[in-house]
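A.B. asks: Below are the chains, spelled out letter by letter.
Number of protein chains: 2
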Amino acid sequence: MTASIIDGKIIAAELRGRVAAEVARVKSEHGVTPGLAVVLVGSDPASEVYVRSKHKQTQEAGMASFEHKLPADVAQADLIALVQKLNTDPTVHGILVQLPLPKGLDTDAVVNAIDPAKDVDGLHPTNAGRLASGMPALSPCTPLGCIILTKSVHKSLEGMNAIVIGRSNLVGRPLVQLLLNENATVTIAHSKSRDLAKLCAQADLVYAAVGRPEMVRGDWIKPGATVIDVGINRLPGAEGKTRLVGDVAYQEALKTAGAITPVPGGVGQMTVACLLVNTLRAACAIHKLAAPAV
Amino acid sequence: MTASIIDGKIIAAELRGRVAAEVARVKSEHGVTPGLAVVLVGSDPASEVYVRSKHKQTQEAGMASFEHKLPADVAQADLIALVQKLNTDPTVHGILVQLPLPKGLDTDAVVNAIDPAKDVDGLHPTNAGRLASGMPALSPCTPLGCIILTKSVHKSLEGMNAIVIGRSNLVGRPLVQLLLNENATVTIAHSKSRDLAKLCAQADLVYAAVGRPEMVRGDWIKPGATVIDVGINRLPGAEGKTRLVGDVAYQEALKTAGAITPVPGGVGQMTVACLLVNTLRAACAIHKLAAPAV
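Residue numbers (the working numbering), protein chains in the order written: chain V, -18 to 275; chain H, -18 to 275.
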């Protein structure tokens, strides 16, 4: 058996299309243009690439996009003052402070300053708490993308056994909550877990989010399982180049899994699309409109 | 093999003793007397019993105990005004609003009005979020009691396989977070889970918190596993009386488990003791003292 490939590029494009349609509807029916403000501090090249990509996709979805660039040596108080200004700006429905912040800035204090209703990265403790309590919440984008990819294979996850490997605040922990919301049975494993191979072999759904290249081997995968690989690891490739690999040994897993996300071209494609989803949802919630159909 | 009994009564008494010793130390070294305010609305007999028990145990631990009784028809605004007054009262370090509230009062709004630093019931979304993010937090008392009971058997839970059956905000969900903090591998199962018996049979630690009498059968338990029964169910007994049973079929499980909590006399004993722990912890945190040794 060879697994079917879950094509993040196509699924993300479809999702962006649905977002754009809903944005158009919300604009015409309610006169609301969802707006996303992205704050970039300093000039980290990777962060600049991400911010440009977010800017472009936000505009393509018909939303307003606001970019704020601050120097790396900005005072903490000035950064927080900007966040507070965006909190009260009625044209802004989503606020994203690009992480990591330069040294000397207190990330927690900055994230905590964001109005939870506009926290489209889902990092504010209030959103984490609402998510952990099964209440409506803005969820971090990557785990949201994992759920959408899984549901491209399985319409319902109810009663399925899922394993989440990795317990980060950005991916593993919120992913557990989203899977519980889908009525899956969830096991959360991590660096201290024993006999991961055996735990993994019982799962219908495998989420690898540990940041260790090809750690999950093909013979860990239950035949027919769906495998979502969140890892993006850079390894030395041919001719002095680098190559990207996930946390799953892809070629091995292909032989056992029922469906699998490639790296690149899988989860990574979904993150910005889910940021658009969150911004649209935040705009609708702030304006007390029905939740959008995305 | 017959399981050893985890005696909640003895363990709770020991815990109260440690709390009392730390309260005495904090008083003499820092001049701080931890204080717990309990708010009771209406006159539900069961709630009155709980509140009296909390009052007595708080005083016995050397803490200040404040009782506030409001009529069942109190206005929402007046109840919230009382909570806000307690938030700013420097002699109060813990605030507990006895639940359930009478009809017509908005529980979420009341809980959300409590200063998270004084939220000794651990119900405020900020505490749920901090707990879900692996940050220091005030955790709900019953799951805290479950961890203490487990650690009376196992010094370290690292790498053990735990199953939590039930996903309530009061018990199951926060218990998962506390188990993760202990580096256990955690499976969370619930009413939609398939083949619970098999899931359960793989666990070194079983937590039953579903509220269904004797649902977990003896042959679900891995030989030697530790079983913590959170359920308290009232069944008809002999001579028209009622009897209390847990979520685990105790007599069956006794034969397989390595250690087990009885019902009554297990988890139920721990809840108020853990409330004292939380109040002491809150007092130390508010006064910026080192965390107490409890």
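Please note: incorrect hints may appear among the correct ones.
If several chains are the same, the list does not tell them apart, and a pair holds so long as it fits within one copy or across any two.
What the hints assert, rightly or not - Lysine-lysine pairs mimicking DSBU-like chemistry, simulated, CA-CA at most 35 Å apart:
hint	residue 1	residue 2
1	K84	K236
2	K136	K84
3	K37	K179
4	K50	K8
5	K269	K173
6	K203	K37
7	K8	K66
8	K222	K269
9	K(-10)	K37
10	K50	K236
11	K84	K269
12	K203	K269
Worth flagging that the hints you see were computed from the coordinates, not collected in a lab.
A.B. asks: All hints are to be evaluated individually against the structure, with a verdict given for each.
C.D. replies: So, going through the hints one by one against the coordinates:
1. With identical chains, the CA atoms of K84 and K236 are never at most 35 Å apart, being 44 Å at best within one copy and 58 Å at best between copies.
2. Within a single copy, K136 and K84 get their C-alpha atoms no closer than 44 Å, and across copies no closer than 38 Å, so neither meets the 35 Å cut-off.
3. For the homomeric pair K37 and K179, neither the shortest alpha-carbon distance inside one copy (44 Å) nor that between copies (49 Å) is at most 35 Å.
4. In this assembly of identical chains, K50 and K8 lie within 35 Å of each other by CA distance solely inside one copy; the values are 28 Å within and 51 Å between copies.
5. Proximity of K269 and K173 under a CA criterion of 35 Å is satisfied inter-copy only: 32 Å between copies versus 44 Å inside one chain copy.
6. In this homomeric assembly, K203 and K37 never come within 35 Å of each other (Cα to Cα): the closest approach is 40 Å inside a single copy and 55 Å across copies.
7. For the homomeric pair K8 and K66, the shortest alpha-carbon distance inside one copy (24 Å) is at most 35 Å, but the shortest distance between copies (44 Å) is not.
8. Within a single copy, K222 and K269 get their C-alpha atoms no closer than 50 Å, and across copies no closer than 52 Å, so neither meets the 35 Å cut-off.
9. Proximity of K(-10) and K37 under a CA criterion of 35 Å is satisfied intra-copy only: 16 Å inside one chain copy versus 62 Å between copies.
10. Taking CA atoms no more than 35 Å apart as the test, K50 paired with K236 passes in neither setting, with 46 Å inside one copy and 66 Å between copies.
11. Taking the shortest alpha-carbon separations for K84 and K269, only the inter-copy value of 26 Å comes in at or below 35 Å, while the best intra-copy value is 38 Å.
12. Neither within a single protomer nor between protomers do K203 and K269 lie at most 35 Å apart by alpha-carbon distance, with minima of 44 Å and 50 Å respectively.
Hint check: violations occur at hints 1, 2, 3, 6, 8, 10, 12; the rest are consistent with the structure.
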